[in-house]
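**Student:** Chain residues, written in single-letter form:
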Amino acid sequence: MKGLLKKLIALPVIAALAAGTLAGCSDSGSQSGTTGGENGIFRTLDEIKSSGTIKIGVFSDKNPFGYVDENGEYQGYDVYFADRLAKDLGVNVEYVSTEAASRIEYLQTGKVDVILANFTVTDERKEEVDFALPYMNVALGVVSPADKVVESLDSLGDNDQIIVISGTTAETYLTENYPNIKLQKYDTYAAAKTALENRNGVAWANDNTEVIAFSMQNEGYTVGIPTLGSNDTIAPAVTKGNDTLLNWINDEIKTLGEEKFFHADYEATLKDTYGSDYEEQLVVEGGEVASN
Amino acid sequence: MQALGIDALFRGSNFLRLLGGLGVTLELSLISVIFSILLGIIFGVIMTFKNPVVKVLSRIYLEIVRIMPQMVLLFVVFFGTTRLFGWNLSAEAACVIVFTFWGTAEMGDLVRGAVTAIPKHQYESSYALGMSKAQTYYHIIVPQTLRRLIPLSINLVTRMIKTTSLVMMIGVVEVLKVSQQIIEANRMTSPNGAFGIYAVVFLLYFIACWPISLLAGHLEKKWSN
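Line order of the protein sequences matches chains D and Z.
Just so you know, we're using the numbering used here here: the first sequence kicks off at 1 and counts up by one.
Just so you know, we're using the numbering used here here: the second sequence kicks off at 1001 and counts up by one.
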C-alpha cells in the first residue's frame, strides 16, 4: 500500500512540473488571428499589418545573400529586398535565422511570413509552398584557366576532365546530360579548388555564382560558360494559400521594377563579389525573366 | 593572428556577439539542466518501483529518448506541435522542453543506478540501529547516492551544454551559429577564419565546462571523508 501511495503522489507532481515547464516557457505573446489552411498556418496581409511586424526567414551565414555584419546587423541581397518589403508594408521586420533544410517547415507552420533565403524555385518545392515572382537567376557555370578557356562542353577533347563537387547540382546535371564527359569528383570546395589550380581537370563546374566569385578572387581564371543548363530562379516564398500576402509581394516586385530596385540591390550588395559584368545575367527585374 | 583569421573577431562588435552567443548557450543549457536534475531525481526514484506498469512505461520513455536523435526531437517539438495542436512555442521554449525531456531520462537512469547500487545491508543496518525509514534515507541512503551521482551527472551536464549547438537548426542564434556568421561575413578578408574562430569557440566551451568539472572534483574530495 505504501508503494502505491508513493506513486499516486509522484505522478501528479511530475505532471504539474511538466505543465509548469510548458506554461513558463511558451510564447505567451503568441500570434493572434492565425489562420489555418490545409497546407499550413499563416497570417494574412491584414493580420501582418495590424500586428506591426513581419517575420522574414533569411540566411544568417550566406555572404553576400544573407549574413550578419560585424555590428550584428543582417545584410545582403535578400535582406536588402526584405528591408524594402517591410518598409513599403509599413511594418517593422523581424529576421529569423533559417537553415536550408528547415525553410519549408518554417513557412508551413507559420513561424515566418516570408522566406527570403536564396530559395531556388523547383517543382517539388512548389507543391509545398507558394513562390512569388523571381528576383534573381541561378544557373550552373564553368570556370577554367584564362590561357585555355573552355567555352563549350561540346568541344572538349577526349581526355579532358571536368571538376565537380560531389552532391552538387552540377554533378547531377553533367551526369544526366553529358554522360560522355569524364568527371573528377571532390568532396570539398577546397579540394576542387586545389585540383583546378593543379590542372587535374580542364575546368570546374559549379553554381554560376560560385564560379564567378572564384574567378573574381583568383587571378588567371575565366568563366567561359556563365550559364549552363536549366535556368532556375530565386524567389520569395510564402505559406501555401496565403494569397493576400503573395499578391501583395508580386505587385511590389512589379512596382519595384519601375525604379530598377534589384539593380540597385545588386550594386549595393553583390557588386563587390561578382563585379558589374554579371549584373544583367543574375538580376531579375520586375519579376520578368529574360529569355537567354 | 592574420594567418589564423582571428582578426575577424576584433571587427566591430564581433567578439561581444560571440560572448552573447555563449550566453544564449549557457542560459538554455542551465535552465534545462536544473529542470532535468529535479525531474530526473523524481523519475529515478519512480524507476526503482517494482510495479510492472511503471517499469514498462519508464522503459518506453527511456528508449524513446535514447533512440530519437535530439535533432528530430527539436523538429517535433518546434514544428510538430504547431502543426498538430496549433501551439506557437518560441524556439527557446522548444529547446528547454527537448533538453529537459532528454536530460530527465538520462538523469533518472543515473539516479536509479545510484539508488539500486546501495547495498541492502545499509538499509538493514540502519533499521537495526532503530532509525525510521525517513531517517534511513536522510542520513544513510541519500548522502551515499549523491556521492555516486556527482561524477556521472557532471558528465551529463557538460554533454548537454555541448549538444545545445543543435538549436541553431530552429533559429536560435547561439555561440556556434554566431561563429559561423562571423566566418562567412569575413570570408573575403579572412579566408582562414574558420580555423582561428572555431579554435576560440573551442576555448569558450572549455571555459564554460571546466569550472563544472572542477566543482565536481572538489565535491567528490570533500564528501569522500
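By construction, these hints were calculated from the structure, which means they are not laboratory data.
Everything numeric in this text was worked out from a predicted model, so none of it was measured.
Positions of the beta carbon are idealized from the N, C-alpha and C atoms, including for glycine.
Among the clues, some could well be false.
[To be verified] Here's a subset of chain D near chain Z, in silico, CB distances under 8 Å, partners left out: (1) D61; (2) Y67; (3) V68; (4) D69; (5) E99; (6) T109; (7) N159; (8) Q161; (9) D243; (10) T244; (11) N247; (12) N250; (13) K260.
**Student:** Work down the list of hints and note, for each, if the structure agrees.
**Tutor:** Do the hints match the structure? See the list:
{"no.": "1", "hint": "D61", "result": "holds, 4 Å"}
{"no.": "2", "hint": "Y67", "result": "holds, 5 Å"}
{"no.": "3", "hint": "V68", "result": "holds, 4 Å"}
{"no.": "4", "hint": "D69", "result": "holds, 6 Å"}
{"no.": "5", "hint": "E99", "result": "holds, 6 Å"}
{"no.": "6", "hint": "T109", "result": "holds, 4 Å"}
{"no.": "7", "hint": "N159", "result": "violated, 33 Å"}
{"no.": "8", "hint": "Q161", "result": "violated, 26 Å"}
{"no.": "9", "hint": "D243", "result": "violated, 21 Å"}
{"no.": "10", "hint": "T244", "result": "violated, 20 Å"}
{"no.": "11", "hint": "N247", "result": "violated, 25 Å"}
{"no.": "12", "hint": "N250", "result": "violated, 26 Å"}
{"no.": "13", "hint": "K260", "result": "violated, 26 Å"}
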